[in-house]
Amino acid sequence: MTVLRRVGIRLAWFIGSLALASFLIFLITNKLPGNIAQVILGTNASPGEAAALEERLGLTKPFFTRYLDWMAGVLRFDFGVSYYSGEAINPLIASRFEVSAWLVGLGMLLAVVIAIPVGSYAAMRRRHADGVAVSALSQIGLAIPAFWAGIWLVIVFAVNLGWLPAGGYVSWWESPGEWLLHLILPVTSLALVQSSVLSRYVRSAVIDVSHEDYFRTARAVGWSRIGALWRHGMRNIAISLLTVIGLQLATLLVGAILIEQVFALPGLGSALLMAVSRRDLGIVQAIVLLLVWAVLLINFLVDVTYQLVDPRLRRRGELQ
Amino acid sequence: MRRSRSFLGMLLAVALTVALGACTRPETDEPRGRELNIGAATEPAGLDMITTTGAGTPFVLLYNVYETLVKLDNEGNIRPLLASEWSQTPDRLSYTFSLDPAAKFASGAPVDADAVVKSFERARGETAAESIRLKWAPVDTIEAVDQRTVRLNLSRPSNGLLYDLTGPTGSISDPTATADLNTTPAGSGPYKFVTWEQGSRVELEANAGYWGTPARFSPVNFRYFADPNAMNTAMLSGQLDMISNLTVPQSIGQFSDAEKYTIHEGTTDGEVVLGFNHANEALSDVRVRQAISHAIDRQALVDSVWGGKGMLIGSMVPPTDPWFEDLSGVYPYDPDKARELLAEAGYASGLTLRLRVPNLPYGPTSGRFIAAQLKDVGITAEVEELEWARWLDQVYGQHDYDMTVVAHVEPRDLGAFAAEGNYWGYRNDAFNTLLTEADTGTEADQTEKLKEAARMLTDDAAAVWLFLLPSITIATPAIAGVQDNQISLSFDLTTLAARS
Amino acid sequence: MNILEVTDLTVRFGRNRPAVDSISFTLGAHDRLGIIGQSGSGKSVTSLAIMGLLPEHAQVSGSIRFDGRELVGLPEREYRKLRGDAVSMVFQEPMTALDPTMRVGRQLGEVVALHHGERRGSIRDGVLDWLGRVGITEPARIADSYPHELSGGQRQRALVAMALANEPALVLCDEPTTALDVLVQRQILRLLDVQLRDRATVFVSHDLAVVREVCPRVAVMLEGRIVEQGDIEQIIAEPRHPYTAGLIASARIDRVPRDQPLPSVADFYTPAEEA
Amino acid sequence: MKRGTLNLGLTLIGIVVVLAAVGLVWTPFDPTKITGSPLQPPGWPHVLGTDGLGADVLSRLMSGAKICLLVGIVSVAGAAVVGVPIGIFSGMTRGWISDLPARLSDILYGFPALLLAILLAAAVGGSTWTAMIAISVATIPAFVRLARAATYQVMSHGYIEAARVSGIPKVAIAVRHVLPNIAPVLGVQASVSFGIAILAEAGLSYLGLGSGPEAPTWGRMLREAQDYLFNAPILALWPGLAIAVATMGFNLLGDGLRDLFDPRLREMS
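Residue numbers (my numbering), protein chains in the order written: chain A, 1 to 320; chain B, 1 to 500; chain C, 1 to 275; chain D, 1 to 269.
Think of the hints as simulated: they come from the structure by calculation, not from any bench. Model, not experiment: these values are computed from the prediction. Think of the CB as a built atom: it goes at the ideal place given N, C-alpha and C, for glycine as much as any other residue. Any given hint could turn out to be false.
Claimed, not checked - The calculated SDA-like cross-link candidates involving lysine to any residue, where the alpha carbons are at most 25 Å apart (straight line), are: (1) D:Lys170 x D:Asp99; (2) A:Lys31 x B:Lys260; (3) B:Lys260 x A:Asn160.
To be verified - Stretch by stretch, here's where chain B covers chain A in the computed footprint (C-beta under 8 Å, at least three residues): (4) 83-96; (5) 160-172; (6) 265-279.
My request is simple: use the sequences and hints to build the entire structure.
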């Protein structure tokens, strides 16, 4: 009963947040100075021409009418058409999302695959030189801008060695081999930094877990350190690690924009940057809304999971 | 839970769209020719040549997908295309074009007088962009004399009209096309439009039934790069066959290996202008403007900002226009003279001006350079970098600036200084009169009057013409026929050939 | 023959005063030894040293012989085989000593599977059997529960079952009842008393009364040293060390007159540093 | 060992602070002026060489150090000044009003610094201030959450209960009891956020959303160096190195502080 009620309240907050976020997004994007008509017309424009174009694009209707129109479309999963090119926004975002999803998904996967063993190692060997060295490496990884690393990767592997393409994207459906080749460098540069972030997280989580009583119990019944960590430690780290990964994923969809820029990848982040620079508000709103909602959704799911799944955490949650 | 489920539904829909979109991509099994990948910076804003303005659209489509009656070659000469010949009446009030009998659209429909009239009427009709409609102002009636002959009757003589017909203004579209031209272009050129992935690329393929010399490449991809350095690395790693125009000339050294790259340098129509806001009190004084002109070492600026690749110009005319005159020496670099002029104008103790530049490749660095040099003569330039849309809004639209740097890439844009409400706030009646006389007079008159007008701008120091953007095309040695100059709005694929 | 012989065992962390300072004791195959002392006296470190679970930076010297085998310096690989099988341990924190994300039955079964993979088929039965033996009334339900669904007493019973599942020869109990309320404490002590009958046990506690219930012999630890050891009744009757006397006095509130302050260890013994 | 992390962090920060402090009063050359021929390699008098326009790299690096510190200080201080009181308030109250700030900061959390900066730069233009504000706003949720959780922890202590019962006003409790107790955690967060802010500024400047040409921040220098990657890759080295040193300094400081306050932090986080 109380759990249900708490979830209910959380759900109400969630829906409220979605609505508030959508309104904020629409408000902010509509207050941006500059307009699409001017951008389309460029240094060729006359004021009359710009006004006529605005009229044609429906930009002269009242603010609230436009907001409601927009939300009505959004709830039917229809983001309308690009002011700039007249193309439907949905397929555009879908194709951009595909690129970002691969980039961020594979980058995160690689980062996790690197981070779990590396972080665990750094934790287990934290009093030894090699463990400290691993920690130091992750410190360096954290301090280097990912795009900077990307630039150097391009210089070395694409330009000097010529092993891999410097940028661009080829769809999996077109050529799986090319798809992979094009993603190696960007995924690597993303994973380099993400794995540093995650491995430090894993390290501290493993240290925490190894101080837990159940960890000692596991050791006392005959598990090796690695065995106990794998069998009992990771299970306990998993939820919080998943939370971190989930939230990172959502923010990275835009955060990867620097990588997209370096590697000329047509992802969501660069679509957003491009749309903002053209004041193509339909696309800006659609992308920002999806991203913000995604973060809210993940937040919500994490909270609810904590409430439902792990009563130990719920008690902690009650405290908060 | 309802709301969140609809959200999940949306995510699912996104995933499905991705999957379906990819699966249903048309598979073309036709034998393809040699593929050509071209790196470009400016993406189209739409695909309809008549309703869209901006340089991206004709760059890809003009002469490649759409053709015109007459075309502009890379030396600035007007040549026949769909019209095999044309003539003008002595009173210069009527043009008659004879269409090439072989000409036909990609759909197979003939390019006849009817199609031309329909295209032209559309270009000066309601739906056309104003800048295009205005170009048709001198034309009174358009008539199909017979199936192969079109006549334009003018209300006043116009020297600019024939030239304008070489651009989007004169593009001929297929009247039998039913799809929206903004998404599905239909022309008579050697290439057909295939797809446009926004923010990424436009793909063309050979028009198998082309009426003239067949296309030598297929498919042709125009790939767009927001970051010029990303374009360079793509070229260096072999993903591109050409860079249509190198916008970071400092990096030209990367392509110095003649075994792997050929470099083609020429001129464009892009005058990089240090614009003054004439509404500013200090800048309304010609002595201040002249002082600034003297204070900037333009050769040094080109050397450090543009890799020494731009040509110095003295007015709003590129060397490929018939009325070009070298005025680049009128204001030599002379800081002492500049200080003198400033003192005369009453600004001996200093002057602070805002220099608001757009975030285009030349903007911020030339801003820094100019600010550094103006500091020497006692002018404090507060440099501010504006995102392009903001620049258009605030500087171009609201005239909220003191000085700015921008490249005017439109061809034959001397008239920009005569336009009503131009963003410089420049107004000079004598100059305006010269322009009108030039358009209505004879061809010789035109050259004379425009020379005079250009000179007038220079003497008035209406702006500082920093340099002319060079055309730097990088290609692999396998590509022949690359043009040095880039002076039409088109990236003309028809001159290119594969060297075997 | 003694199953456990600890001789001159010293444990040091860094350059600090030794946490355990050359202690010695022995334990017969069915003996029970209580180790009593306040926190920080080194009693828990002693039991962890026997289990080989001290942190990596601990320096151990002296000798621990278990069943004739030297444990100090034993390779981890060998040690691991002993833990949970021949030697096991019951910890003091029943609330946290079980993995919260794994069902109790599985955690218990794991202990058997870990050392006796050959019994794989019969593990579930063994688990239910053990849960029943430690006094859990609905073994099947408890086996399928998560630790947080159990009461403190049930959890401690499950931990006892885990410690005993492989019939170890030596069981170390580290304050097994401290965190429980008095009533449950009593039940668990009775359970341990029964279940540990045929094994050697080291029973670590700060509570003299608790130790007295299960152990005939006691060693008193103070600042890492054993200050006296012997028969528990004899020591209670005639403590030789003032600290022991203090422990005894503070445990007998019933003998204190109503208007007198409660006795504490400090009344009998003052640590050297503070003197 | 623990002190080692702290000391290394402080040393790295020290280098940046010294660069910035000296840069305030003296740089080898005027960083905004062209004082040599372009793209000179490191040597004399231009110790780290000159950039593409011919300005002195060391002078620009020094001048960038102070902006880098300014960005860090302003954005972290701004986030803390807004976020900490909200977090403490939320931690000290019960009921839905206590949830409100947390939910609002959840919404804010949905707008990462980059997203905010893109929108903000479009709204008011890219500048050092835009970057600072965007980073600052994006950092607020971290402070709200942390301050809230830490306040809960502190509120459960007996002496706070006592203070509340004896009628001491809430604000006084917050200032006298809660704030000093949660200060260490906030210090660690501030240090970590500082590092993030420096990195974020570099990223924003690289995209052209941060500092303009008037401010030679390290991110800006990195962006300008892009054009010369092949002629003079060393130009991309100096600012990249400076960013790494500063970020690492603050990260290590954060870690060192965390280790120092370890027992208290463990129960709070």
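Hint numbers not upheld by this structure, sorted from lowest to highest: Hint check: 2 fails alone, others pass.
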